[in-house]
Every structure is written in C-alpha cells, then in structure tokens.
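What follows is the residue order along each chain.
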Amino acid sequence: MSTVQPAQEEAPQKTSSWLQRIWRNYMLRRVAAALFKIWIVITLTFFIVRLMPTNPIDAYVNELMDQYGFSYEEAKDQAAALFNIDLDSSLWDQYVQYMANLLHGDLGTSYRSKGTPVIKMIAKFLPWTLFSVGVSLLISFTLGILLGMIMAYRRESLLDHTLSALASIFSAIPNYLVGMMILVFLGVQWKIFPITKMRGSMSPGMKPAFTWAFIKDIFYHALLPILTYVLTTIGTWMLAMKSSTISTLGEDYITVAKARGLPERRIVTAYVGRNASLPLFTQLAISIGFIVGGSALIEFIFVYQGVGQLLLSSINTRDYPVMQGVFLVITIAVILANFLADFVYGWLDPRIRI
Amino acid sequence: MAEATQTPYTLKVENLRVSYQAERGKVKAVRDVSFTLQKGETLAFIGESGCGKTTLGLSLIRLLPTTAAIEQGKIIYHHNGEEFDIVNLSEKQLRRFRWREFAMIFQGAQNAFNPVLRIWDQFWETARAHGETNKRHLRERVEETFRLVQLDPDRVLRAYPHQLSGGMRQRVLIALGLLLKPPLVLLDEPTTALDILTQRSVIDVLRDLKSQMSFSLILISHDLSLAAELADRVATMYAGTLVEIATVWDAYYRPLHPYTAGLIRAVPTLSGERQDLVSIPGSPPDLISPPTGCAFHPRCPYATDQCRQNTPTLIEAEPNHMVACWHWDEVAADGGARMKEQVEA
Amino acid sequence: MSTQEAQELLSLHHVVMEFKVSRRATVRVLDDVSFSVKEGEILCLVGESGCGKTTSGKIAAGLLQPTSGEVRFRGQNVWTADKATFRQYRRGVQIIHQDPYASLNPTQRVEDILSAPLLRHKIARNRREAHQQVLDLLRTVDLTPPEDFIKKYPHQLSGGQRQRVSIARALTLRPQFLVADEAVSMLDVSIRVSLLQLLERLRDQMGVAYLFITHDLAVAKYFAWEGRIAVMYLGRIVEIGPTPQIINNPQHPYTRALLSALPEADPKATRSKQRVHLRSLDVPSLLNVPRGCSFHPRCPLFEEGLCDGKVPELHAASNGVQVACHLNENEKVAA
Amino acid sequence: MESLRRTFRLLTYNKVGFIGLLGVIFFVLMAFVGPYFVPLDTKTKVDKIYEPPSKTFWLGTDSEGRDIFSQIVHGGKDVLVVAFLAGIISTTIAVVLGSLSALAGGGVDGLIMALADIVLTIPQFPLLAVLAGLVKFNNVTLLAVILGVLSWPALTRAIRAQVLSLREREFVEAARALDLGTKHIILKEILPNMMSYIAINLIFAMTAAIYAQVGLVFLGLVPFSGHNWGVMLSLAWTRGAIFFKDSLWYIMSPVAAIALFQLSLISFTRLLEEIFNPRLRTSV
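Chains as they are written, first to last, in my numbering: chain A, 1 to 354; chain B, 1 to 345; chain C, 1 to 335; chain D, 1 to 284.
Everything labelled a hint here was simulated from the structure, so no lab data went into it.
One thing to keep in mind: the hints can contain errors.
Below, a list of computed lysine-lysine pairs in the DSS-like style, where the Cα atoms sit at most 30 Å apart [said to hold, decoys possible]:
| id | chain 1 | residue 1 | chain 2 | residue 2 |
| --- | --- | --- | --- | --- |
| 1 | C | K83 | C | K151 |
| 2 | B | K26 | B | K92 |
| 3 | C | K151 | D | K55 |
| 4 | D | K188 | C | K122 |
| 5 | B | K181 | B | K74 |
| 6 | A | K197 | A | K124 |
| 7 | C | K152 | D | K188 |
| 8 | D | K45 | D | K15 |
| 9 | D | K183 | C | K83 |
| 10 | B | K210 | B | K39 |
| 11 | D | K183 | D | K245 |
| 12 | B | K26 | B | K12 |
| 13 | B | K181 | A | K258 |
| 14 | D | K245 | A | K191 |
| 15 | C | K20 | B | K39 |
| 16 | A | K258 | B | K12 |
| 17 | D | K48 | D | K245 |
| 18 | B | K74 | B | K210 |
| 19 | A | K114 | A | K216 |
| 20 | A | K258 | B | K74 |
| 21 | C | K38 | B | K210 |
| 22 | B | K12 | C | K83 |
| 23 | B | K135 | B | K181 |
| 24 | D | K245 | D | K55 |
| 25 | C | K151 | B | K26 |
| 26 | A | K197 | D | K183 |
| 27 | D | K77 | C | K152 |
| 28 | B | K26 | C | K152 |
| 29 | C | K152 | D | K183 |
| 30 | B | K12 | B | K135 |
| 31 | D | K55 | D | K45 |
| 32 | D | K15 | C | K151 |
| 33 | C | K152 | C | K122 |
| 34 | A | K216 | A | K124 |
| 35 | C | K151 | D | K77 |
| 36 | D | K43 | D | K77 |
| 37 | A | K37 | C | K83 |
| 38 | B | K135 | B | K74 |
| 39 | B | K12 | A | K37 |
| 40 | C | K20 | C | K83 |
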C-alpha cells in the first residue's frame, strides 16, 4: 500500500519531553525490562532460598555427624566456629542488606568456604559451563541446520527417514539418561573412553594458557558433556530446520531465483539457507536458557566443574549466598542470550530491523 | 498439426504431457498440448484455476516441482537460426538458458524477491550469473530499464523488497526480467493482487516495452480482460488440454469452442447497458480421472454420444483458428447461444 | 426504481474508525463515512484495497464499533440502543465473506454449521426440525440434493459449494440485510455468475437488501444496476449515486480514473478506451494521508491552493450523483 | 461395526503414532495393573547379587539381590501419575490463561503476559531444585502441582497467539454475526481448531514433567520414598552400579523404562495430529 517507507519516524512531536523520548527508545525500554526481571528473580529466590528447611549450620552439623561420626555436641561446636553468620536478623533486614551490597557489585561471601567471595567462586565455575554449553550449542545448531537442510532436499529418502528417526529418538530421551548411557556403554562396558581420567574440567596441574596443550586438554575433559548436549539438542534443530526449509523451498522467490539462472550454490546458501534458518534464531535464545539451567544434571553425571555443580553443592550445604549468586548469573545469562538472539535475528532479517 | 504459415517461430511445443504425483494418484495436469509461438507475438493462455496453465508455464522453462515430470513431448526453442529442445537441456545448460533467453515473470511479485537481500544485490547476482563482471556497466543498464518501467533507481536499488509497494515490486520484477533483453518472456498472472490503477500502469508498461523491445510473450492469466488487452492470439485451456487457439478477435467475437464461448459470456463488461451473463453449469473436472472423450462434455449443452466417447483433436477449423470440438460448426452457427439456454432451462 | 416508499433500513452517519497500529500511532481507516440503504436496496461499495470498504462492511454488520459516528438500524442507533434492539439488529444483518476456505469452520459438518443458529435462536424447536430446515436452506442455495451435502465437511466441498453454504448460513436467521464482502471475487468466472444470480434471486424472493463490497467495477455494474454505487478512496466516500450514472457518467476524477483503467473482456472496447493519466502511481499511506482532497497528489485535474487546502465535502452534482470534488463544486457555481 | 473399523483404520493411519499409542497403553497397564500380578520383591538375598536376566529374574537382580523386574513394574505408577497430573495442570493453566489473555485483552492481557515473561526468565530447573527442598516431595500430588505450576508460560503464549489468530478468522466473525454467544464461540468454534495443538502440548508437558521429576529424584534433591524409576536410578547410581560389568541391568532397566515411555509419548503425538484433523478423518 505504501511506497518506500520513510527511513525515520515522522518528525518528533515538539511536546515530547526528554523523559518521554527515553521511554520511547526501544533499547532502553528493553534494558529497563531486563533489569526489572532480574530484580524480581533475585527477590523471589532470596526468600525461597531462605525458606528452605534446614539452615546452613544444621546442614553442616548433619554432614559432620553423618560423614565423620561426630557427636551432635562436637559437630555443633565445630559448626559454630565456622559460621559466624547472623541468621537471627530479620529476613527483611537481610534482604535490604543483600540488595545494597548487590548494587555495589558485591555478591557476598560463601558460608561454607569461609571468606571466599561468591563472585570468585562463580568466576571459577562459570567459564566451564559457558564453554561446554557454548561449544555444544554451536556444534548442534550448525550441524542441525546443515542436516536439516539435507533432509529437506532429500525428502522421503532413506537418509531423511533415518535421520528423522534418530532425531526424534534422541530428542525424546532426557539428556541425563543419554549421558548415563554414554558412561555405561562407551565408558564402562566397551571401554572406549577412560571416564575417570576425563572427569573434571581440566587435568590436575594444567595451567590456563593459550597453548595447544591446554586447549586440547579442556576439550578432552568437556568431550562427554558436549557429546551429550549435542546428541540431545541436535534433533530439535534438525527437525525445525527441515520443516522450515521445506516451507522456504515452496516460496516464490526460490522458483524465481532458479528461473533467473542463479548458480545452485548461491540459491542454497543465500536464498534457502539464510531464510530458512531465520525462525530458528528465536528458538536459540530459549534453548540457551534451558541448557544452562539444566546443566546441573549433566555436570553431576560427568563430574564437570561448572555452575551446575556449584549450584548442587550449595543447595546441599544451604550456602545461601552462593545459591543466590548462581541464580543471578543464570538469569543474566538467559537474558543476555535473548538479547543476542534478537540482535542476530535483526541483523539477518532486514524486515524486523528497527 | 500443419504449419500453415512459414513465419519464424520462437517456441514450438509438441504433444507435451506433464503429470504430477499426488497422494490420490497421478494428476494429468497437461495433456498433449501443442502450439507454436511466432516471433514477436503475444500468446495468452486463458482458463480457470486448475486447468493446467500454470503447470504448462513452469514446464516450458523446466521449473516443475520435484513431484512433477514431463512425460513426453518436445519444447523446441528457436533463436537466431539456432534451435534446440528445452526438454533435453542439462541443468547447466538450463541455468544459462533461463533468464538470458527465456525470462519468467511470476504471479504475486509480492514474494518474488529474496526478502533479506537489497534489490541491487539481486540485480547484480542475476547479471553476474550470466557473465556480467562490470558493476558500473550493469548500473547503466539497470537505470535504462528502470526508466522504462518508471522507477527511481537510486531509491529502489537501495531498498529491501519489503520496503516497496506491490505495484513497485511488480515493476521491479519486470525490469529484472528484461534486464538481459531475452527474446522470450513468460508472464504468469502479472497483475493479480494489484490494485486497479497499479494494474493499469503495469499493463501500459508491458505494452510499451513490448513495442520497444519486440520479444515474444506468453501470457498466462485467468483474467479474460487482460488477455483481451494484450494478446495477439488466445489459447483456451480446459482440464489440461488446449481446446482452442485463435486470434484475439476470433476468440472473443467468434469463439468456436463452447467453453471459450461460455467463459466470455460469464464476464461482465463496463461499457454499454447491463448485459445478461451466463454461468457454466457444473464444476471443473478432477484431473486424476478426467471424463472420457471430450473433458468438457459433462458441462456442455452441445454434447452428444460422440463427445462422451471420442476425444476431439485440435484441428484448423477456420483459417488460423484451431479448435478441439466435434460440434464447432454448430457453435459457429449459433454463436454459442446454447450456453445460455441451458442455464435458463 | 420504485423504492420511493421503502423504509430506510440501515445507515451509517459520519462514521470514523481508527485503529491503533502501535503504542502511539493510530491510523484513521474511515473518515466521516455516511450512507444509507433502504429495504431491498443494493448499495455497492467499490474501491481499491485499503480504501476502507471492508471496514465499512464490518461496521455495517455490527462486527466493529465505530470510533465515532452512528450506525442506525430502522432508525435506532444500535450502539446506544437497549439489548433487545441490538439483538434484533444483530440478527437482521448478516455477512458473507470473501474467502470460502476461511469462512467455514473446518471442524464442523454442514449440518452443524447451519443448525447451530437455528437451534440457538429457537427458529427450530428440536434437532429434527432443524434438520428439515437445513435441508430447505440447502435447496434455497441450489445445493441439491441436500442430502448429499448435509454430512460433509467444508474441505469436501468445492469453492463454489462452500460459498453457497456460507450464504445458507447467513440466511438461517432470515436477515433483511446482507453484507457481501467480495463474496464472489475468489471464485472462478464460470461459477461466479451463478452465485451473483443466487444473491439476486434472494433479493427478489425475500426482499433482502445488500451492501455489496467489491473492487471490480464490472461486477458492481452487473449486480447493482438497479441500485447505487459508492466509490471510496482512502477512507472516504468520494462519489455516490445510481449505478448507471456512476458507470456511464462519472464525476469524480478518481472514479473516472478507475473506470478508464479497468481492462475489459472485449478487445475492441478495451483497446480503444480513453485513459486518464495520473500524476503519480504511488498510493499514499493511511499513516500519512495528504492534506485537503486526499486524491490531489495523483489527480490529473489538480489545482494548487484549492485541492490541497480543504477537504471536499460530498455535494449534489448535476446528474443526481453526490460527489466530493472541489472542481465539480466550482463548475456548478460557474454553470 | 463400520465405525469401529474406521476408528481402527484411523488409528493405524500413522504407523509410528500407532506404535507410540501401543507403547503408552503398555506402560499404563504395566504401571497400574501390573502390581496386582507381580509382587514387589523386597527381600535381600546376599547370594543373588547382580544376577543376569533369567527365568526367575526377568531383568536380573540389584545390589541386594532383589528382582529388578518387579521394581520396574511397581516403579512406574508414581512417574506416570506425576507426569499426567503435571501435564494436565500446566496445560489447563495455559489454555485458561492463554484464552483469557487473548479474549480479554487490555490490562488482563498485559498482566498475564508479564507474568509469563517473568516465570520464563527464572531458570526452571534450578528453581525446582531449590523448591524440592522447600516442600517435601514425598507427596506425588504436590510434586505434580509444583511442576505444573512452573511450566505453563511457554504454552500460554502459544495458546494466546492461536486464539488471537483464530478469533480473527472469518468463521468466528460469522458466528458473532449470528449471535451464537461467547460460550459457543469458545467451545465450538475456537477450541476444536486447537484440539490437536493442545493434545500434543499436553504430551510434551508430560515429557517435560518426567524429565524434571526423575532428574530431581536422581540428584537426591527429592527425599526418597516408595519405589519409582527415579529412585531406582538414584540408588543404582549411588551404589556405583555404572562401574561394573554385571550391574548393567540394574542401571539400564530404569533408564530404558523411562526412555521407552518418553519415546512412546513422543511418537503418539504424531497420531494425535491426525486424529483431530477432519481432513484425514474423512479420507480414511
């Protein structure tokens, strides 16, 4: 209906105040919404975490009694020595204090590893989760897109049927079960991987550096988690890409591109591939959040030192500040992933550029 | 089919048969179609949805979907003394042939462009695929064609497809189609989904271009008025077969096939008093199992036992007027009047 | 036209319709639209896409409430009337949609589609009675024998048959007024005419009045020859009057442009037509409607200072037609 | 008779889907009827630890010499009940809130969508892990409620989008013009067109609930109680059953049971798509 759309919005109204203009800025609005969400999550988890039965001291006392055979009295003394936290101040005061510290970038210190700042612990564990999840996602997304396109081009072929069946099977089974099967079969029964050596996120004594040996080592340790993530997520990408490619192949512009005599390779990449993968980028963000959130299970199985592990141990010891910190980090990761996906989507698709 | 005249031709189609596989069975979309497109002429294919005209168009340039196949027939292309059968071209040969020799401008230009590439990029890659290496040279040529279709190159070339209106996109597509000055152009429903005034500008542009560039044109449309306006000759399709080919004057004023006669009487006109219109009873046949004999017989008031049993072939009933009907003489005698009586009865 | 004593059935008075397109921007789809339809009368709304004809149809059918202005049914303002009056209006006005594939619920059989309104409004007292009435309705719309159609799902019917079911559905409540929104434009030409003839027959037999919406002036001429045509452009009616006058002697430059632009299924006529040449091919956006007469940027008769100043009002022209054009106004003054 | 045959033909129309249906029926029977026929073996038999499958022990024995097969039969009920309840709860919430959001619009819509957005931002599994400690999950119903209450947002958004688009469809407009009433429009015009979508998503919600509950039990975050596949898995894991060649059956039996049930559910969705499609219903 309209002609070439005006590049800019129509002339700004003179009455609009400075504040209104900021409110109208899309990016600023999104950032504000994101901050609001983070605040909600922090508040929510703050109270839920503290409402959990058993407090950190009791958890430690129980642990000492169970594992080291301490008597209750001994354990209690030991615990009291370790914890000089004030669990008696009102929840509200604690909350206000926590928020105030947070605004200064202070996530508090761990109860259990006495004196260790939470931020330091997260800095130690988070990179491994980001590394393993990031690499997995990259592999499964690109591979899934490629395989999905091949399936769409060879529709109803044996290859398509086989890949479809595999994709549905692997995406139907929970990822921790797949991980377990990898351990049991590839590790124990058939002895293909030395699983005990592959534990942890790097070999003992390895110093982080930009060397080939280090890179090889971290990939070696992340291999099984990555394999599990890839196997269980690739199916979704394959099937989504297949259906998206099939519908793209039916678009007029593909037929026109063929009629224009464009080289097949150009059509496959710039026409089919680019357009068909567009809708997958919105799913990408959601899946990042899901995988990071669910990393606890995989890291537990493979004894991989990521935030998932940190979360689990902090839950077991009721280390409130660490739990809070992990929640905060995961939430921020999810929100950032959303931003990133939107950004990439906007960059790939001129129709939604703002 | 006897070649009555020896004028040079651009395209000669012989006994073309195209089918595609549907879940219920084989759809015989184009059945033994033969025609010749003279050099520089405009031939319009008319018919209703599902008559096979779009499948015919796609098979001419070998762009059928994977489920469809040309089962038999020849599509001889002739240009500058060279001639070859399009059916036999390899993928590589086809790629060179398309657009340079034979451009196809599709219906619904709304979606003919890659939404994520700028218009200029799409012109450039098209030209490059056909051997152009100089951007400046291309730019000059694009500006020249844009002038013909009344578009502002600076503004349009920079735009993404979604930033252009439907009418503009259609004109850009026409400009792209004529960029390599192909001797043969196929237009499939070029004005569907366009507003009346935009449609008019597209029609005018097409007519002007036609007179300036003298390419041969195949027009596929369900819109009889568009054919009336642009065509030199008109071919009527029904149930995958060609039932009549005649000059535009004969087709509209002296149709020999009852179906053509019926179609023309079903379309209201603007000029003059309100005339009575008639509709054709029944509905188009199923192309998986078309009726025996003449496919039109269940809807035809002229039908006899002969029509039910034997399929009529396309014959030259009158000079330059071919028809596939056992009773064309009766239709000629009463001017297709029986089409009307049947409805009233 | 012997509709002298016929009562006014449905009318729109200064209707304005605005839609929100984003947090801040609203778009005015209809601007000061007024028309009225008498009992048994046909009014045709014509214009290009985006001119507001479909919105007018939905407002007439009570599916949208106008932003301002009134809709009157038998003289009563329906949006301020009591419930009973509104219900009367609601049932008295029905709509037939364009797309026969979208207008029938794919999960219901023809019988369910047609009997639901009969049972709901107690036109049929029980299922058996409803069944009989459904059969009658199917016969009315020439779906014979009706037994063949009653158990079918929409996807088992052809486009023409579906459209007949749509019409039958609109007839279940015995309406006095039908809004037909491009009701035949998606059908093949060979069946289009029989549908138009069916609608015409309903008018003759049941006295149904029509608001017939189409972009095709030739169809409008055929269907509304005894009625009137209103031409719309960018949300306004620019010309309204008896069909023969509009078709043969159009006053507004836009109407003239439309008529001259339309190709016809007659080679001689279409090739010898006088063309109106517009000054611009671009249709202005509704977000940015030109000042004054909204047609002025494209109008071949544009006069600076006159056309781009004030919005022209509809006024009577010489031949019983009402037209919204400054130049016509001046001619009249000069004459 | 004829209708029976038609139903059968419809059910077998999609082979994969039909196999999925058979799988689901098998697991339901095993979990709910099986315990009446197979008594639970709770006796420790020191001489029969980690025995391979045999005629007496169909799936071998565990670390205390107890029959694994009987544990699998008895361990399905909890998992299935939680999955089904959680699926129903989250789907119901999603259908109600999604429709409400779409039909009410305005402030209600804004509120529901903001809520959904926030719940989506909270990392689901970690939150569950914490909640698992907050409320003691030895209560299956409570576990189901928590799982269901946390997993509605994505589906709510999807249902809202569906209702919004269906609401604008011409047949709904016609129903409004015919004054058929809001109830008719929701129940007869809009819902039937979403049924396959809702049914399929119910299944997906069930699989997600299985994922979460078994995962929580496996991590030891839900206090052990009773016999279910998750508990079996967790015990097998903590007893180091993965590291021995002969304990393969112990660890793999619950893994296989869960995986096969998930697969059956997912395959079953293919059939659902067709059962609700009138186009297919009339063509078989």
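Taking the hints in turn, this is what the structure says about them:
1. C/K83 with C/K151: violated (35 Å)
2. B/K26 with B/K92: Answer holds: B/K26 to B/K92 is near 29 Å, not above 30 Å.
3. C/K151 with D/K55: Not satisfied, since the Cα-Cα distance of roughly 56 Å exceeds 30 Å.
4. D/K188 with C/K122: holds (18 Å)
5. B/K181 with B/K74: holds (25 Å)
6. A/K197 with A/K124: holds (21 Å)
7. C/K152 with D/K188: holds (17 Å)
8. D/K45 with D/K15: violated (44 Å)
9. D/K183 with C/K83: holds (18 Å)
10. B/K210 with B/K39: Distance of about 12 Å is within 30 Å: holds.
11. D/K183 with D/K245: violated (62 Å)
12. B/K26 with B/K12: holds (26 Å)
13. B/K181 with A/K258: holds (18 Å)
14. D/K245 with A/K191: holds (11 Å)
15. C/K20 with B/K39: violated (54 Å)
16. A/K258 with B/K12: holds (23 Å)
17. D/K48 with D/K245: Satisfied, since the Cα-Cα distance of roughly 16 Å is no more than 30 Å.
18. B/K74 with B/K210: holds (27 Å)
19. A/K114 with A/K216: violated (34 Å)
20. A/K258 with B/K74: The hint holds at about 21 Å.
21. C/K38 with B/K210: Between C/K38 and B/K210 the Cα gap is close to 49 Å, so the pair fails against 30 Å, i.e. violated.
22. B/K12 with C/K83: violated (69 Å)
23. B/K135 with B/K181: holds (17 Å)
24. D/K245 with D/K55: holds (20 Å)
25. C/K151 with B/K26: Between C/K151 and B/K26 the Cα gap is close to 28 Å, so the pair holds against 30 Å.
26. A/K197 with D/K183: Not OK: A/K197 and D/K183 at ~64 Å, beyond 30 Å, violated.
27. D/K77 with C/K152: Roughly 43 Å separates the two Cα atoms, so the pair is violated.
28. B/K26 with C/K152: Roughly 25 Å separates the two Cα atoms, so the pair holds.
29. C/K152 with D/K183: holds (24 Å)
30. B/K12 with B/K135: violated (36 Å)
31. D/K55 with D/K45: Distance of about 17 Å is within 30 Å: holds.
32. D/K15 with C/K151: holds (28 Å)
33. C/K152 with C/K122: holds (24 Å)
34. A/K216 with A/K124: Within the cut-off at roughly 19 Å; holds.
35. C/K151 with D/K77: violated (43 Å)
36. D/K43 with D/K77: Holds - the C-alpha atoms of D/K77 and D/K43 are around 21 Å apart, at most 30 Å.
37. A/K37 with C/K83: At roughly 45 Å apart (the allowed maximum being 30 Å), C/K83 and A/K37 break the hint.
38. B/K135 with B/K74: violated (38 Å)
39. B/K12 with A/K37: violated (69 Å)
40. C/K20 with C/K83: holds (28 Å)
In summary, the numbered hints that this structure violates are 1, 3, 8, 11, 15, 19, 21, 22, 26, 27, 30, 35, 37, 38 and 39.
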